[in-house]
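Engineer: Protein chains in written order, with the numbering used here: chain W, 1 to 290; chain S, 1 to 342.
It is worth saying that the hints were derived from the structure and are not from the lab. Remember, it's a predicted structure, so these values are computed and weren't measured experimentally. One should not assume that every hint holds.
Unchecked claim - Listed next, the in silico BS3-like pairs over lysine-lysine satisfying Cα-Cα at most 27 Å (straight line):
id	chain 1	residue 1	chain 2	residue 2
1	W	K131	S	K3
2	S	K242	W	K130
3	W	K147	S	K207
4	S	K207	W	K3
5	S	K166	W	K264
6	W	K131	W	K143
7	S	K3	W	K83
8	W	K83	W	K264
9	S	K3	W	K275
10	S	K309	W	K119
11	W	K61	S	K3
12	S	K242	W	K118
13	W	K103	S	K309
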Amino acid sequence: MQKVCLGIEISQDGVKIALVEPERRHIIKIDAVPTSGNSIDDVSIYSSVLSSWVRSNLLPKINSIAVAFSSCNGVIRLVTVPKETESALNYVNWEFACSINSKASNYKTDIVFYPSVKKPERAIVTAMRKKIIESFCSVELEKSGFKPNYLMADVCALYNLLEYTEGLSGQPKCILKADEKFAMAFWGNETGPLAIRLLPKDNISPEAVTDILETGFKEFPKAKKNVKFCGELSGNAEFTGELARAAKDLGESVNLQLWNSLSKFSLEKVGDFSKLSQCMGAVGATLSYI
Amino acid sequence: MIKSNLMPSASGKTAPQAIGMKVKSGGLNKKKGGESKSRLSSVANFLFMLFVFFMSGLLYLLIFGVPGFLRGTIPQNILDLLGLSEETAATQVLREAGAPKLTAHGTRAEDPAVPVNGSVEEVVRTMRPDIYFRDRQLTSYKEQALSNRIPYQKQAFHIMLSTFYKATPDGIGYLDLAYQAPNFYFVRVVAQDSRTRTSYLDQLRAKVMPDMIVRDSATIKDGGIEFSVFGSTAQPELSELKPMRLIQYSRVKSEIMALRTLAVANQVRLVGWEKPIEEELETYRRVILRTTTEADYPSLLNFAEALQKSDVAFGVQQFVSRPSGPEKMLSALEFVLYAAMR
Numbered sequence: 001m002q003k004v005c006l007g008i009e010i011s012q013d014g015v016k017i018a019l020v021e022p023e024r025r026h027i028i029k030i031d032a033v034p035t036s037g038n039s040i041d042d043v044s045i046y047s048s049v050l051s052s053w054v055r056s057n058l059l060p061k062i063n064s065i066a067v068a069f070s071s072c073n074g075v076i077r078l079v080t081v082p083k084e085t086e087s088a089l090n091y092v093n094w095e096f097a098c099s100i101n102s103k104a105s106n107y108k109t110d111i112v113f114y115p116s117v118k119k120p121e122r123a124i125v126t127a128m129r130k131k132i133i134e135s136f137c138s139v140e141l142e143k144s145g146f147k148p149n150y151l152m153a154d155v156c157a158l159y160n161l162l163e164y165t166e167g168l169s170g171q172p173k174c175i176l177k178a179d180e181k182f183a184m185a186f187w188g189n190e191t192g193p194l195a196i197r198l199l200p201k202d203n204i205s206p207e208a209v210t211d212i213l214e215t216g217f218k219e220f221p222k223a224k225k226n227v228k229f230c231g232e233l234s235g236n237a238e239f240t241g242e243l244a245r246a247a248k249d250l251g252e253s254v255n256l257q258l259w260n261s262l263s264k265f266s267l268e269k270v271g272d273f274s275k276l277s278q279c280m281g282a283v284g285a286t287l288s289y290i
Numbered sequence: 001m002i003k004s005n006l007m008p009s010a011s012g013k014t015a016p017q018a019i020g021m022k023v024k025s026g027g028l029n030k031k032k033g034g035e036s037k038s039r040l041s042s043v044a045n046f047l048f049m050l051f052v053f054f055m056s057g058l059l060y061l062l063i064f065g066v067p068g069f070l071r072g073t074i075p076q077n078i079l080d081l082l083g084l085s086e087e088t089a090a091t092q093v094l095r096e097a098g099a100p101k102l103t104a105h106g107t108r109a110e111d112p113a114v115p116v117n118g119s120v121e122e123v124v125r126t127m128r129p130d131i132y133f134r135d136r137q138l139t140s141y142k143e144q145a146l147s148n149r150i151p152y153q154k155q156a157f158h159i160m161l162s163t164f165y166k167a168t169p170d171g172i173g174y175l176d177l178a179y180q181a182p183n184f185y186f187v188r189v190v191a192q193d194s195r196t197r198t199s200y201l202d203q204l205r206a207k208v209m210p211d212m213i214v215r216d217s218a219t220i221k222d223g224g225i226e227f228s229v230f231g232s233t234a235q236p237e238l239s240e241l242k243p244m245r246l247i248q249y250s251r252v253k254s255e256i257m258a259l260r261t262l263a264v265a266n267q268v269r270l271v272g273w274e275k276p277i278e279e280e281l282e283t284y285r286r287v288i289l290r291t292t293t294e295a296d297y298p299s300l301l302n303f304a305e306a307l308q309k310s311d312v313a314f315g316v317q318q319f320v321s322r323p324s325g326p327e328k329m330l331s332a333l334e335f336v337l338y339a340a341m342r
């Protein structure tokens, strides 16, 4: 029997769900469920939403759960490691401690070095408050059966999905994920993530998003100006249309592509996958099991 | 692939595949109880290892004795407690082969007024070779630069010890054996009979003692004859001395350490080297180290030889040795060093 993984992406006021058989690269079901608050801050919302969703759907047995959280709910930093640094890990920890406005000891961090741990040039730092992590490890959540096995930032989940489905070369590729209350664009190639741009909720507009795309691409002048677009706003036709036009009108026009298909995944024959572009983070989270 | 996971590693049902380079994860959220338990167990492990190490060290000392590099470093009371001896086979052979034995005798000495059975310090205080050699001009020594006096003293000290070592036959015991720079000596001796006494004095004369004054004691006690001999030993050849320079004041501490290391290497445990006495003279500083040791005669002789050959900037200004119990002797060594002014 194939193992089934539940991928969950938590955003400001909703959860995106993907039920995946990772070994078969098969997506059984996806869904986007609105919530009355942020599930990250209140884990009871997370468990109750998932409980009711599971009850209302006829689902196979779930073997594991992987959760991706929006970058605005934690800390995500792409740190350039100076060549003269003796200990890259110490440097990144120091940089992280300087970048936050509270004690670094309050955070649980996860650091991945690129292109290699022996010769690190960059590091992806994901961090979340220990209090939140502890709430995800609580006995109550374990009893409810929704304690996650993996907890990661959506940037990591999306990068993994891009790498797995599209493949990465030396050429930088860009992903734009725009939610109602948070937008994020990042560039990566085979050597790992190269740049990240974040946009807070009050600034989200087609112009502001194209602005971060333009400034981001300036770092990679030779890169093809194609952007994979996903996130909650990718389901908003009006926003998508305006954004595509604004991107085309840039000095060096950027081609916005809706990311609504996954080449290496098969989809359940009977099912609604119209919201796939909104649930990419949830699908990407399940790649932890591949 | 970015293999990132903020969940504590223990909760992961499946181990992540080794595609990405995971540098740091898990462990940060461990419960405090677990941490303190593991700390407690590591402390217990450490203490156990320490205990095993201590016991094996003790066993080694009891079976094989004190190794050479540790001689002079273990306090005597600990050695006594463990029933250990620092005497090596070599020094034992030397000692048994007729090294001068300082035997405690309670006879009274006449002039010079060195206190009988007094402490080493008392003997040192009453050492007045200048009384006997008031008229002698020590031209060859006093003409020397300060820096040359040190190698002179080192060699004279060795000459004095080796002379008495070689000249002492069985049946001779010392009550006092003293040396003062440049080459004065004073010994208070007990001979078991007059034949031994004559033989001893003849040997001393044969060792080219330029000045030798013998003064018999008034008393003969327990069949032994007590007498004093004083004078000056053969002078070192100035041309053969190792030239030395005045050291910089900043090097005094390292010189003290070098001296101590040299002493320890020769089984001579010096006490009192921590408190050097410094005198600021017109153009230089004089540093005096007043030390005592319970080392035996062969060890002292070895030390004197090593000191003479070494580059240590300390010379021996004064040496007094006397018995401090059966088969034991206590010696006071006064080292001197001249340092250039800062």
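Engineer: When the hints from earlier in the document are held up against this structure, which numbers fail?
Structural biologist: 2, 3, 4, 5, 8, 10, 12 and 13
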